[in-house]
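Single-letter residue listing:
Number of protein chains: 2
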Amino acid sequence: MLSQTVEYALRAMSSLAYRPSELVPTPELAEITKVPSNYLAKVLQTLAAADLIVGRRGVGGGYRLARPPAEINLLDVINAVSPVERITTCPLGLENHGASLCPLHKRMDEAARLVIELFGSTSLADIVSGEGTPQLPLCNEKMTQQIRIDLGKG
Amino acid sequence: MLSQTVEYALRAMSSLAYRPSELVPTPELAEITKVPSNYLAKVLQTLAAADLIVGRRGVGGGYRLARPPAEINLLDVINAVSPVERITTCPLGLENHGASLCPLHKRMDEAARLVIELFGSTSLADIVSGEGTPQLPLCNEKMTQQIRIDLGKG
Chain A
1 MLSQTVEYAL RAMSSLAYRP SELVPTPELA EITKVPSNYL AKVLQTLAAA
51 DLIVGRRGVG GGYRLARPPA EINLLDVINA VSPVERITTC PLGLENHGAS
101 LCPLHKRMDE AARLVIELFG STSLADIVSG EGTPQLPLCN EKMTQQIRID
151 LGKG
Chain B
1 MLSQTVEYAL RAMSSLAYRP SELVPTPELA EITKVPSNYL AKVLQTLAAA
51 DLIVGRRGVG GGYRLARPPA EINLLDVINA VSPVERITTC PLGLENHGAS
101 LCPLHKRMDE AARLVIELFG STSLADIVSG EGTPQLPLCN EKMTQQIRID
151 LGKG
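Going down the list, the sequences are from chains A and B. Its first residue numbered 1, the first sequence is counted upward by one per residue in the working numbering. Its first residue numbered 1, the second sequence is counted upward by one per residue in the working numbering.
What the hints contain is simulated information worked out from the structure, not anything from laboratory work. Incorrect hints may appear among the rest.
[As the list claims (entries may be wrong)] Examples of chain B residues lying across from chain A (beta carbon under 7 angstroms, computed): (1) Thr-5; (2) Tyr-8; (3) Ser-14; (4) Lys-34; (5) Ser-37; (6) Arg-64; (7) Ile-87; (8) Asn-96; (9) Leu-104; (10) Gln-135; (11) Pro-137; (12) Met-143.
[Claimed, not checked] Partial selection, computed: residues in chain B whose CB lies under 8 angstroms from chain A: (13) Met-1; (14) Glu-7; (15) Leu-10; (16) Leu-74; (17) Arg-107; (18) Met-108; (19) Ala-112; (20) Phe-119; (21) Ser-123; (22) Asp-126; (23) Gly-132; (24) Thr-133; (25) Pro-134; (26) Leu-136; (27) Glu-141; (28) Thr-144.
[Unchecked claim] When the alpha-carbon atoms are kept at most 30 angstroms apart in a straight line, the in silico DSBU-like pairs for lysine-lysine are as follows: (29) Lys-106/A <-> Lys-142/B; (30) Lys-106/B <-> Lys-34/B; (31) Lys-34/A <-> Lys-142/A; (32) Lys-142/A <-> Lys-42/A; (33) Lys-142/B <-> Lys-34/A; (34) Lys-42/B <-> Lys-142/A; (35) Lys-142/A <-> Lys-106/B; (36) Lys-42/B <-> Lys-34/A; (37) Lys-42/B <-> Lys-142/B; (38) Lys-106/B <-> Lys-106/A; (39) Lys-142/B <-> Lys-42/A.
Bear in mind that the values here come from a model prediction, so they are computed numbers and not experimental data. Here a beta-carbon is modelled for each residue, glycine too, at the ideal position from N, C-alpha and C.
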């Protein structure tokens, strides 16, 4: 239902959320997220255009989050790539419908509402906090251990 | 969130659900659904390939539902065009995740679950029954009046 591009954008943002103050080079992000480099480069450009990340070119360059992970929710990321919109008026433009949706468009609007609620209430910080599940997004066993040690130190 | 094609497929199926035993010509469907004819023709071919509708060519030809409206739910229609799938194993193929999803993929799977539940529990008959709302899918004022008269007779 959510596109491949949305999946890749969420992976990229999650990997940046582990190191919010660092510029992470694109090749490293491609390795962590398992996204083909060219595809990832385009996704990162889209995220930068939406002011969710900032990039720096050249040696030592890369991308970092534009705001702390607690201030970016998953819906922000999804909307940057492929906006989820409520249905507010009849998509067919029927005059007798207007803002009073028919049963079909009510259901479609309800789906949008549920998805907005779910992803709008989850921040990147929630996703990478390491609480609640043994699995951390994008992390193999070694990376998970390292992050848990770092979190313990913090 | 749901694609244009999904929207068009749902419109086409709803319009056929009002007259489940009739072959409706494509140009008439295009007019009711307000979908460009060429685009609609492709959507109808996809729905026929998924055995949700059956078509007949030539004079007096058109499309009708393959089953009664009560036996086709909105999820069947969506899945014919763009399948909604639960996430059952780590999309990155991480060995330490496997079927134990991380917080990111848990949320994404939860979104799929909510959408499947919503559309899987609503049939085309529910959508066009004319109960609960003054608005009927795809119907202007005149069509709504006619359908309500027909329902009254039935």
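Violations among the numbered hints, reported as their numbers in ascending order: 1, 2, 5, 6, 7, 12, 21, 30, 33, 34, 36 and 39
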